[in-house]
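Line order of the protein sequences matches chains A and B.
Under our numbering, the letters of the first sequence match residues 1 to 280, in that order.
Under our numbering, the letters of the second sequence match residues 281 to 509, in that order.
Derived from the structure by calculation, the hints contain no laboratory data.
Beta carbons: idealized from backbone N, C-alpha and C, even for Gly.
Don't take every hint at face value.
[Stated by the list, open to error] Here are the in silico distance ranges between beta carbons for each label pair:
#1 B/R457 - A/P240: 42 to 52 Å
#2 A/S233 - B/C482: 20 to 30 Å
#3 B/P386 - A/G41: 58 to 68 Å
#4 A/R94 - B/Q469: 12 to 22 Å
#5 A/R183 - B/P311: 17 to 27 Å
#6 A/N39 - B/P468: 23 to 33 Å
#7 A/L226 - B/A332: 27 to 37 Å
#8 B/Q469 - A/T143: 12 to 22 Å
#9 A/S233 - B/P311: 21 to 31 Å
#10 A/M239 - B/P381: 23 to 33 Å
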Amino acid sequence: MTRQPMIDEWYPVGLVSKLSTTGQDTMLMGQPVHVALGNGGEPLVTAQSRRFPVISRFGHVWTSLGEPKKDLFAIPEAYQPGRRFVDVGVVRVRCSPLRAVENFLDIAHFPFVHTDILGAEPHTEVQRYEVEIREREDEVWATKIHFYQPQAAKSAEGGITTEYMYRVPAPTCSILYKTCPPRPGEWDVITLFVQPLGEELCDVWPWMALFDDTTPMVDLIHFQQLIFLQDRSILENQMPRLLPLDPAMEIPTRADMTSVAYRRWLKRHNYTYGAQLVAQ
Amino acid sequence: MDLATLAWKIEGMFPNALCQWVPVALSVDVPAATVSPGWLPGLELALWRSAAGHIAASSNRCPHRGMRLSHGFVRGENLSCIYHGWSFGPDGGCVRIPAHPDMTPPATINSQNKAVLEAGGIVWVCDSNPKSPPPDFHGLVPVRSLTIEASLAALEAAARAVADGKGLLAATIDGVRIHMALAPLAGPQLLAHVLVAADSTCEDRIAASRAAEAFRRMAEAMSPESAAA
Ligand code: FES
Ligand SMILES: [Fe+2]
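Just chain B, same shape as in the assembly:
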């Protein structure tokens, strides 16, 4: 086992020692002119896409009165907070304060946007200055994301495997092979992005989606939290 594999074995999830990027969502799950919540370890995000298709990841806490920006709305190229309508541009700068329509908002008011990029149908976000790009899951395509209420250990036990050198955990359920990129969520939950071979047919993808649900049930049954409940 080389060093890199060892690191994955220890970490198993994003971010980790080799990759500071976190896969927060699938690109298809953040359509144009929408906003939805996302998570980095210890930090809530508002993931949003402008009408023109530009993706951004803001801190989920509005700098005005702390409202979750993921409850807001996208108009054109800006994200607006639902509480008082403050609007933020793609770079995070506040562009409008409706209570004072004639005022240019001070440049210091900012929604703290994080580094974000899309690759292979996955939205990756990084809280710091990333040193290297996220891994390339060559030959695989994302199918769906799902929330699993289980620890990483339970997932690895259910998969009877550990994550590989790219950070993917593979499992075979009833003969269906799926790969998962894992990211932490708030509380005792994980977000699993399910990928399949790029040449999979439509039926294959449906089967993979079902397999992922079966895998979730297995992992949740193995988790000590659910055993205690």
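With the rest of the complex left out, here is chain A:
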């Protein structure tokens, strides 16, 4: 068996704000791990005698079962002054971690799954947008996405056309940059960090860095949790559970250009943990 390159990637395993000395048991790619606060106040990720590398960033504790070849990606925009960080918490989903990311990259479902919040009929059209695999950064980017939204964010009043950009810097992580209603010209940052528990089970950790001084934190969290619970009802009912990388298995259209690029990028890197290579 060849080594799965996803082993060498960084994954979220918990919130920094929720760390304790007793710690928490969790799972990463089938490996049970323990996440706790060390004596010196540093996060520790361990399994029996093994100790895994750790990074604290974006409100989360990150670790890797392998030997990471590079640092965890950066999100420079997130650290502009004036942003509020929102630890949304965790949503467990019975689906492939890759399916969870692909759903996050998709806007065509807004009118049907997030009805009257992120989309509404008859505003279903997905205009042409741009997608590329940026070779230097080795990331998937989708830009110039415009979509009509009845309530784009907790801070949005009434319908607006929102502009989106998506970025995939790691196989189970995506960052969404989205028009920020109270601050034209700036982008809200909404991320999806997925912890692969197994190939068909994941913990999804959304995190946000917003320009929004007014909405109470609890409302921001509830808004985002509602969205992800709606997504979960989809993700747990896709067949097969694994993400099919065989192009004959599912039919994309122009609206799915981001998903097509994401699948191509996964295949190119052999990031196939949670994927199905041949149609069954």
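Start from chain A and add chain B with the ligands according to the hints.
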């Protein structure tokens, strides 16, 4: 015992050597403008009825991104997927892709509809080209369907009988006679469509429904899976 009876004795459920059709639901359980899940062996279905009353059985996997179509919705004469709203007509052809409202969907996009027919209040579906019609349960009418978590062997033991030449398993529970057409479900479950004599009164049907529930409890208690649990 003639050959046909022997075949039933071996099979006991639909589909089988004599009948490729599977009784997937009662007609009354798929009202107009609704969709619900159904099963063929190894294949999930979305059973749906158009607003005008046309019945259809699609593969439950949307050809776009694999969403279960049984979670979708019926509008007019079409079934729509809940994920991105792709709509499929009674023949399975995709008629609308909301992300591209001006595009005519390619004819190759299809929800893989199966052969379906309704007879005697039962919806029958067939995965292949059926050679003959489903059996005629003459003199009987369906009352209800129920899911039983037991093997066919446990059902036959509980009924102290095997299925007859038409594929019906009969049982008498506390003096109430019921007939069941059995079909496989996902996992260790069976779907039993309960039938009674066509001249049964309303009270008879209620009694038959209760008898079927009692029968389910007996069969589930006899099943090795439940004994182990
Ligand atoms: S998965 Fe059915 S419309 Fe997209
Ligand atoms: Fe969504």
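Quick rundown of the hints versus the structure:
Look at B/R457 against A/P240: about 44 Å separates their beta carbons, and that is inside 42 to 52 Å. Roughly 39 Å separates the CB atoms of A/S233 and B/C482, a value that falls outside the hinted 20 to 30 Å. Checking the proposed 58 to 68 Å range against B/P386 and A/G41 shows it holds: the Cβ atoms sit about 59 Å from each other. Our hint of 12 to 22 Å for A/R94 and B/Q469 holds, since their Cβ atoms are close to 19 Å apart.
Between A/R183 and B/P311 the C-beta distance comes to about 50 Å, which lies outside the given range of 17 to 27 Å. One distance hint, 23 to 33 Å for the beta-carbon pair A/N39 and B/P468, is violated here, with the actual separation near 51 Å. Between A/L226 and B/A332 the beta carbon distance is about 36 Å. The supplied range of 27 to 37 Å therefore holds. Restraint check, B/Q469 to A/T143: a C-beta distance of roughly 49 Å breaks the suggested window 12 to 22 Å.
Separation of A/S233 from B/P311 is about 23 Å and conforms to the stated range, judged on CB atoms against 21 to 31 Å. Hint check: A/M239 to B/P381, Cβ distance near 27 Å, so the stated range 23 to 33 Å holds.
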